[in-house]
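**Q** Sequence:
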Amino acid sequence: MQYDWKEWMLPVNGRPVKVYIHEIILSYSRKKYYCSSLSITTADIIRAIASAIEYFGGIAEEIVIDNPRQMVIAHNNNGVIRYNDEFLRFCGLYGIDTVPCRPYRARTKGKVERPFYYIQEHLLKGLEVEGIARFDGLLYDFTERYNKRTHSDLGESPEERFMRDEKPLLRPIPEVEPAEIFPKEIRSVTNDGYISWAGALYPVPMKHCLRQVKIETLFGKTLKVYSMDGSIIAEHDIRVSDRHKRPVHPEHEQLNREYRERKGAYRSETLKRFKEAFKQQGEVFIEGLKKTVSANMYWHIEEILKLTEIYTAEDITAAMKECIECDSYHKNSIKRLLKSKTPGEPLIENINNPCIARSINITRPLSAYRVMEKEVLA
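Numbering (my numbering), first residue to last: 76 to 453.
What the hints contain is simulated information worked out from the structure, not anything from laboratory work.
If you're wondering where the values come from, they're calculated on a predicted model, not measured in any experiment.
Warning: the hint list may mix true and false statements.
With a straight-line cut-off of 25 Å between C-alpha atoms, the simulated DMTMM-like cross-links for lysine to aspartate or glutamate are [unchecked claim]: (1) K350 - E336; (2) K350 - D317; (3) K320 - D267; (4) K347 - E397; (5) K350 - E389.
Using the sequences and the accompanying hints, generate a full structural model.
**A** This is the structure in structure tokens:
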């Protein structure tokens, strides 16, 4: 069995994305397995080889590899080889002997080097896709076609040669605990329900806020999030662009939706009370508020309704009518008319200066500054 990868700039939705194409080939039958990743970590290589083993349905005795740092830390000319610990643990668990090429002698695994030319000419050149999932589908179809076509050197298809001569010689796949092969990283969840990975934020259930979770990535495409007891709690497609954007948290959206519903119901009820209390004058005043103080119209309406605790609805309606005649739509206009007017004599100068504060020393209890929920909703 031989392994190698190739980088390729693939246009995805019109934007070039660096894709790593993994190739594993069985030396005798030439049967191959292709998969792709958006990163090239040791875990990505291990997943690619493990996926190939599942695809072949068994394990070959050895694997011929190059000398990248993801697998080989050092390979001296005197034959001393230092392997990456993670890769060596994987090979040990699966019982695979590793055969690194001599440094600068990649032709040792020519069965892999040359077929990359074939996939480049027959699939990659000129290819544009709408998404990575679409590319993975095309890559799988290409693999199936390649394995079933007649090989020019063999005189038969790799699939026929594999099923007849090679598959019976493969060793069974051992039952290995995935956690032993793919160790997970630990991340802390923020107080608003996000974790950070590779410069991007991803939401997790709010009940895990300020707790630690475990994460793992699959080929740089998928991010899986687990609780500390090992149960999966979230899964996301890794964003290859717009990483700086903050995604909307699903639970935040639910809370926002509930808030908007309460807010809408509160405003409808407030308008209904206002119109019932002040009839036609109230409807005209509302239209005036929409034009002048639309941003906090409902706060003005609520403040005017509070005046009914002190004044009669008839007095407030009369003051409102005078405000409408003066084209002054503000809750302070009505309040000052009610406080300052003498019967039959509106004080127009007070109406036109609704926001001038009186120079009076006022002492209030602190409870007067408590924000009520209905004021926030307004």
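**Q** May I ask which of the numbered hints given earlier this structure violates, with the numbers listed in increasing order?
**A** Violated hint: only 2; rest satisfied.
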